[in-house]
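Here the protein sequences line up with chains A and B, keeping their order. 1 is the number of the first residue of the first sequence in the working numbering; add one for each residue after it. 1 is the number of the first residue of the second sequence in the working numbering; add one for each residue after it.
Hints should not be assumed to be uniformly reliable.
Computed footprint of chain A on chain B; a stretch qualifies when at least three of its residues, placed anywhere within it, have a C-beta under 8 Å from a C-beta of chain A [to be verified]:
| no. | stretch |
| --- | --- |
| 1 | 43-55 |
| 2 | 171-182 |
| 3 | 442-456 |
| 4 | 727-739 |
Chain B is nowhere near these chain A residues, computed Cβ spacing over 10 Å in every case [as the list claims (entries may be wrong)]:
| no. | residue |
| --- | --- |
| 5 | 10 |
| 6 | 40 |
| 7 | 92 |
| 8 | 99 |
Keep in mind the hints are simulated off the structure, nothing from the lab. The structure presented is a predicted model; accordingly, all values stated were derived computationally and were not measured. C-beta atoms are modelled at their ideal positions from N, C-alpha and C, and glycine is treated no differently.
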Amino acid sequence: MPLTNRGHEVADRLPGATFGSGSALGCEIVRHDELCIGCGRCAAACPTGASTRGDTFDVNQLLDAPAESRRGALGAAMRRLQRRAPSGPIEVPTRVATYRTIVYDSERCLGCGACARACPADAIEAAAPEVGAASSAKVTS
Amino acid sequence: MSAAADRPLVLLCECAGTMDNIDFDALEARLSPAADVVRGTHWCSRQGQAGLLEIMESDARRPVFAGCSRDFSDRRFHKLHARGLRLETADIREGCSWVHGGDTATVTDKAARIVEASTAWPGAPADTLARENKVDTVLVIGGGVSGTQAAAELTQMGHQVELIERRPFLGGRAARIGTVFPTNDCGQCLPTTDAQAGTRKCFHRNVAIDDPNLHVWRRTTVESVAGGPGDFEITLKRLPNIVTSDCINCSSCETVCSETASDGSQKAIFAEFYDGRVVRTVDLDTCTFCGECVKECPVDAIDFTQSPERTTVRAGAVLTAVGCEPAPAPLLSHLGYGKDNVVTQTELAEMMDDWTAQASIGRQPADEVVMIQCAGSRDRRRLPYCSRICCMIALKHSIRLKQLFPSMKVTICYLELRTAGVGYENWYLAARRAGVEFLRGTPPHVQFDESGRPVLEVEDMTASLKRTLRPDLVVLSHGMVPAQETGRMADVLGVELDEDGFIEILDRKNRATETTREGVFVCGSAAGPKALVECNTEASAVAAEIHNFLSSAGRRMTPASTVRAEACVGCDVCSTMCPFNAITLVERPADVPRPAEVKDDGKLAVIDPEACHACGICAANCPEMAIDHNLSDEALYGRLRLLAGGVEKPVVGFFCKECAGAAISLSGLRHDAYPANVRLIELPCLGRVSALHIVEAARLGAAGVFLAGCAEGRCQFRTGDASAAEQAKLAGELLAEAGLSVPLELWNLCAVDRESVGRRIRLFCAQAEGDEAAAAMLLSEGDLMDTKAGNGTGAEADPEAAGRFVGTRPQGGCRGCQ
């Protein structure tokens with residue numbers, strides 16, 4: 001995750017700060033893929049292109065979705081219709097607005113939270129980072 | 001005087017010798033190398049002001065006045081302000097000398113630092129005027145009683161008014177009700193102008209609506225709004241009325257019309273309410289365009305060839321008077337609404353005309369009527385709020401029923417009767433005298449026996465017993481909800497809604513007719529259900545408010561914030577945070593520089609300088625620090641560096657110059673002492689403070705940092721205290737992570753806290769410095785204060801409460817603002 005200008009200023013002033021698990025100056029972005037409807041509004045709102053809207057959709061995401069969700073219902077319907085299990089992502093025609101795979105690149109994310117505010121399905125959570133409870137696996141060098 | 005233009009000019013005031021703990025000779029000597037210092041013993045005296053005027057008129061520089069606080073000096077030198085001359089203040093009196101002890105060296109050093117901070121980084125004077133030229137037209141949305149009255153009054157004040165009404169007739173809900181409280185006559189009147197005798201006239205007789213400057217647009221809705229306060233461009237959509245103004249209301253068309261209007265009570269071509277111009281209209285939803293009426297009309301007043309038209313009007317201000325409407329049926333279904341013998345008060349009002357006719361021939365349509373108050377209202381699952389008018393409507397109807405049918409049994413099931421208003425309680429007494437039974441307790445639901453008769457099981461709370469009522473008719477005193485289009489209207493106008501869906505007003509205490517957007521006003525029931533008397537009062541109030549807005553020179557403010565495009569990445573943090581909707585994200589123009597990480601179709605934030613109030617919330621929250629506020633980060637860091645120096649362990653306080661500033665300077669006027677290591681930084685709004693400023697203070701060795709803003713939720717810039725709280729939390733986390741433990745507190749102050757803020761600062765210092773004995777002493781002092789102040793309320797021994805000095809605050813909070 002690249003540092004924002006404010007992040008650099010803090011880093012200058014507080015050499016000890018490790019910024020915990022997130023950028024510590026923006027939000028920590030948590031994506032809930034099972035709720036995502038693939039509309040791409042997050043990609044449109046994202047200033048840096050950390051979220052992009054793909055041309056394909058992984059059908060397995062639908063099939064694995066929880067049964068009570070909107071995606072789960074669609075997945076169940078597909079399971080009844082399908083003859084053989086799908087292999088890999090399928091291409092989505094351009095006129096279909098939703099059900100695209102959203103590619104999220106945390107390396108480019110500034111943590112501004114614009115995507116979470118734009119998401120119509122509450123699939124993105126922008127939480128103030130939990131400093132201290134650092135999940136060290138995510139700390140960027 | 002050696003007047004080099006780049007040297008600051010300092011006017012040093014000894015305040016008539018009251019600042020005896022400052023060594024003015026030393027202070028002058030210290031400031032002199034970098035500034036031209038003019039010393040005076042009493043600048044605000046008659047001779048002093050004359051001298052000051054002479055200096056300021058001969059010298060182009062804006063002097064730094066080192067003496068009393070900004071609030072105090074603004075008042076003392078108001079004559080200078082009237083001439084357009086501005087002083088920069090350095091508060092060495094209430095903020096330094098008067099609140100510190102006799103250690104002359106320390107106090108003088110602090111005073112010198114305060115003056116140096118002001119000379120090195122002077123604040124921006126509030127000289128910018130927003131919107132000097134405004135369009136002198138007002139768009140009034142809603143032709144009900146509130147809207148029409150406000151429109152008529154605005155026309156009389158000389159403004160051009162465009163009054164638009166969604167329906168074909170003016171008058172709104174009030175004109176369709178038989179009688180209204182508190183006068184028990186019809187609700188169809190407006191106050192008259194000088195052109196007519198009498199105090200009021202019906203809509204169809206009132207010449208106020210005929211003013212040539214008042215345009216009435218019927219069947220018209222707002223489609224879109226562009227522009228900004230002072231010059232809105234509004235697109236209106238007008239549906240044709242079909243019946244032209246040639247109509248003589250002979251009703252011939254009605255006799256041949258074979259369709260009924262959508263509400264079922266009239267023909268599809270109908271006359272509802274004569275408001276002076278239009279008498280008749282066509283319900284376009286049910287009309288089959290058969291053309292029979294056209295053939296029948298003797299004056300050729302029916303024209304089906306008209307089509308909807310769109311018009312754009314320009315207006316300086318917009319008034320929303322869209323009103324409210326009865327709660328929809330689903331909110332009343334638990335009380336049996338939908339069955340024949342369950343009606344609402346609105347329906348009863350309509351039935352009453354018919355019942356009056358029956359009474360005149362000696363018939364009584366029902367023997368027993370039960371009214372249920374708060375039907376669907378004050379209920380978390382339905383309407384959580386009190387609609388305020390239902391109690392009076394029930395009283396009015398019950399009295400009317402008893403007058404018409406003395407032997408009818410009328411019962412009102414209520415929990416509380418809210419009759420707050422001039423003369424309202426008399427209605428309750430009159431209802432009692434008339435023999436209306438008041439039963440304390442409302443039924444949770446209404447059941448029906450096999451014959452379809454309602455059965456109500458009510459717990460009578462006064463008598464503590466369960467009662468079963470079997471009335472002929474149940475009347476539900478329903479609440480009111482926002483009018484149908486309120487949500488869409490708010491979207492189009494860019495104003496906010498409150499938690500109940502009504503138009504949010506700017507300030508519940510002082511600015512009841514303004515919305516969250518400047519230039520957009522609200523009156524009447526659009527901001528919450530109101531009785532006619534309140535609607536009329538608000539209509540007059542809002543007319544004066546709009547007149548004031550349109551004719552004033554403009555809002556005086558410090559320069560608006562700006563976005564540096566080369567740093568802005570186009571995230572939506574600022575536009576989300578801005579309390580005045582002044583920031584929009586636009587497509588980034590090709591010639592504007594962009595930061596490396598921004599994608600090709602990235603956006604750019606743009607601040608509307610006319611809507612910006614220069615609070616600094618955006619600048620404090622921008623992750624890229626791309627927004628420049630007139631109080632720049634460099635100035636803030638510089639002042640911090642200067643003020644936090646020269647003392648071992650400074651305690652840094654950021655405070656807003658609004659409510660917290662008032663509390664602190666008033667506390668200073670009381671000579672309420674606190675340690676000299678407290679260094680205060682004034683901000684336009686506490687929202688200007690960012691986590692970085694707090695981190696910087698800690699890095700400079702601050703023993704503690706406190707942030708003082710307006711009373712909770714009462715920020716003058718709406719959300720500054722909330723933003724500061726977020727930033728403080730973030731700063732706390734950053735500091736903890738870096739291993740620095742700096743006490744950090746956020747205080748919500750208002751002018752009443754002048755009594756306690758000094759002690760609060762002392763306590764904070766004692767705790768920040770780890771002086772536990774002093775802290776304990778201050779706390780016990782607070783306890784003593786609490787028992788003294790709280791003698792009326794008794795047990796306030798909560799130790800936490802004592803620490804916060806809540807007991808010293810007078811009941812009801814601050815009433816100082818205007």
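Hint check results:
{"no.": "1", "hint": "43-55", "in the structure": "violated (count 0)"}
{"no.": "2", "hint": "171-182", "in the structure": "violated (count 0)"}
{"no.": "3", "hint": "442-456", "in the structure": "violated (count 0)"}
{"no.": "4", "hint": "727-739", "in the structure": "holds (count 9)"}
{"no.": "5", "hint": "10", "in the structure": "violated, 6 Å"}
{"no.": "6", "hint": "40", "in the structure": "holds, 13 Å"}
{"no.": "7", "hint": "92", "in the structure": "holds, 21 Å"}
{"no.": "8", "hint": "99", "in the structure": "holds, 22 Å"}
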